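Colleague: Sequence:
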Amino acid sequence: MKILLSPSKTKTLQGKATAPVFAKALTEAIVAHMQTLSAEAIMKALKVKEDMAADLVEFYQNYETAPEGAAALSYSGLAFKNLAWQDLSEKAQAFGNDHVCILSALYGVVTPQSPVTDYRLDLVDRIFAKNVITEPVAEDLLKDAKSLYDCWTGKVTAYFQKEDWLLNLASKEYSKLVTHPHIVTVEFLELKQGVWKQLSTSSKQMRGRLAHYMIAHELTEWTDLPAELDGFVKDTDLPATLTEPLTVAYRRSQ
Numbered sequence: 001m002k003i004l005l006s007p008s009k010t011k012t013l014q015g016k017a018t019a020p021v022f023a024k025a026l027t028e029a030i031v032a033h034m035q036t037l038s039a040e041a042i043m044k045a046l047k048v049k050e051d052m053a054a055d056l057v058e059f060y061q062n063y064e065t066a067p068e069g070a071a072a073l074s075y076s077g078l079a080f081k082n083l084a085w086q087d088l089s090e091k092a093q094a095f096g097n098d099h100v101c102i103l104s105a106l107y108g109v110v111t112p113q114s115p116v117t118d119y120r121l122d123l124v125d126r127i128f129a130k131n132v133i134t135e136p137v138a139e140d141l142l143k144d145a146k147s148l149y150d151c152w153t154g155k156v157t158a159y160f161q162k163e164d165w166l167l168n169l170a171s172k173e174y175s176k177l178v179t180h181p182h183i184v185t186v187e188f189l190e191l192k193q194g195v196w197k198q199l200s201t202s203s204k205q206m207r208g209r210l211a212h213y214m215i216a217h218e219l220t221e222w223t224d225l226p227a228e229l230d231g232f233v234k235d236t237d238l239p240a241t242l243t244e245p246l247t248v249a250y251r252r253s254q
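Heads up: the sequence shown begins at 1 in the working numbering, then just goes up one per residue.
Keep in mind that the hints were calculated from the coordinates and are not lab data.
Note that the structure is predicted; figures quoted are calculated from it, not measured.
Check before you lean on any hint, since a few could be wrong.
[Said to hold, decoys possible] Straight line, CA to CA, 25 Å or less: simulated BS3-like cross-link-like pairs of lysine-lysine:
hint, residue 1, residue 2
1, Lys9, Lys162
2, Lys143, Lys81
3, Lys234, Lys197
4, Lys192, Lys24
5, Lys91, Lys16
6, Lys47, Lys11
7, Lys146, Lys47
8, Lys197, Lys44
9, Lys9, Lys155
10, Lys81, Lys44
11, Lys47, Lys162
12, Lys44, Lys172
13, Lys24, Lys143
14, Lys172, Lys47
15, Lys176, Lys9
16, Lys24, Lys197
17, Lys146, Lys44
18, Lys16, Lys49
19, Lys172, Lys162
20, Lys172, Lys9
21, Lys192, Lys172
22, Lys172, Lys197
23, Lys234, Lys24
[What the hints assert, rightly or not] Quick list of the computed label-pair ranges, beta carbon to beta carbon:
hint, residue 1, residue 2, range
24, Pro239, Gln161, 18 to 26 Å
25, Lys162, Ala54, 41 to 49 Å
26, Ala129, Gln193, 21 to 29 Å
27, Asn131, Ser253, 43 to 51 Å
28, Ala39, Pro67, 19 to 27 Å
29, Ala227, Ala25, 29 to 37 Å
30, Gln61, Thr12, 39 to 47 Å
31, Asp237, Asp98, 30 to 38 Å
32, His182, Gln61, 38 to 46 Å
33, Pro136, Gly231, 33 to 41 Å
34, Ala66, Asp150, 20 to 28 Å
35, Glu163, Ser253, 45 to 53 Å
No residue lacks a Cβ here, since even glycine has one placed at the ideal position from N, Cα and C.
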């Protein structure tokens with residue numbers, strides 16, 4: 001079993017990374033490609049403002065000396081605030097190191113102890129678009145890539161095939177990286193004006209909370225998902241066995 005999370009744009013680099021990079025050659029190829037892009041091209045590809053694009057040009061040009069931190073402590077978005085890695089026991093962290101995977105547009109698969117930089121890159125960023133690149137992509141590993149999904153989907157999906165099941169707490173953008181026959185996707189729904197809606201803020205918070213719960217209790221079966229968590233109640237009409245991809249809804253009415 002693996003627990004899948006999305007990365008966050010915000011980071012506060014801290015902690016010492018002790019795990020290797022998932023696919024170092026591919027990460028280096030993506031960095032090398034980013035180093036060929038001008039600030040104007042990065043503005044188009046990543047849809048960022050001029051000052052951010054200038055910062056990213058400098059970041060990628062100096063990538064080899066960029067500061068690093070341990071992933072679980074360094075990502076600082078809502079999901080990771082609620083994952084609260086620092087509050088887990090040493091034993092639970094050891095469990096989490098074996099079972100948590102953060103999906104990344106730059107690194108592919110990141111474990112809690114993997115190194116991350118203060119990078120900015122999302123899977124939907126159009127770094128290979130014709131209006132972005134001015135010459136053919138030079139990196140052999142990226143020759144046929146039209147998107148970052150093309151770069152990572154095969155490697156990431158292959159990595160998870162040995163797992164009996166996956167707990168998918170990633171966003172839809174990052175979930176597309178993984179195809180698996182026994183993937184359990186969790187949604188957190190709130191009742192708003194008579195309609196069940198998936199709200200961005202609470203969904204991010206609860207993904208982190210559920211990951212923390214699973215790690216703290218060292219749970220490895222999908223049937224161990226809690227019946228209730230922070231006022232969200234799990235649907236009860238679920239199959240007895242996991243024979244195909246499944247979506248589990250948690251609902252909060254107030």
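Colleague: For the pair we were handed, lysine 146 and lysine 44, check the Cα-Cα distance against 25 Å.
Modeller: Status holds; Cα separation ~15 Å.
Colleague: Straight-line Cα separation of lysine 91 and lysine 16 no greater than 25 Å?
Modeller: Status holds; Cα separation ~18 Å.
Colleague: Within a Cα-Cα threshold of 25 Å, do lysine 24 and lysine 197 meet the stated pairing?
Modeller: violated, 39 Å
Colleague: If you check the beta carbons of proline 136 and glycine 231, does the distance land in 33 to 41 Å?
Modeller: violated, 54 Å
Colleague: Does the Cβ pair asparagine 131, serine 253 satisfy 43 to 51 Å?
Modeller: Holds: the Cβ-Cβ distance is about 47 Å, inside 43 to 51 Å.
Colleague: So the hint says 20 to 28 Å: do the beta-carbon atoms of alanine 66 and aspartate 150 match that?
Modeller: holds, 25 Å
Colleague: Go ahead and decide if the range 18 to 26 Å is satisfied by the Cβ distance of proline 239 to glutamine 161.
Modeller: Distance hint for proline 239, glutamine 161 holds at roughly 22 Å.
Colleague: Hinted pair, alpha-carbon criterion (25 Å max): lysine 81, lysine 44. Please report holds or violated.
Modeller: With a Cα-Cα distance of about 31 Å, the restraint between lysine 81 and lysine 44 is violated, given a limit of 25 Å.
Colleague: Going straight from one Cα to the other, do lysine 9 and lysine 155 come out at no more than 25 Å?
Modeller: holds, 23 Å
Colleague: Taking only the CA atoms, is the gap from lysine 172 to lysine 47 under or equal to 25 Å?
Modeller: OK: lysine 172 and lysine 47 at ~19 Å, within 25 Å.
Colleague: Determine whether the Cβ-Cβ distance between glutamine 61 and threonine 12 falls within the hinted range of 39 to 47 Å.
Modeller: violated, 23 Å
Colleague: Check whether the Cα positions of lysine 176 and lysine 9 lie no farther apart than 25 Å.
Modeller: holds, 18 Å
Hints 1, 2, 4, 8, 10, 11, 16, 18, 23, 26, 29, 30, 33, 35, counting from the list given before, are not met by this structure.
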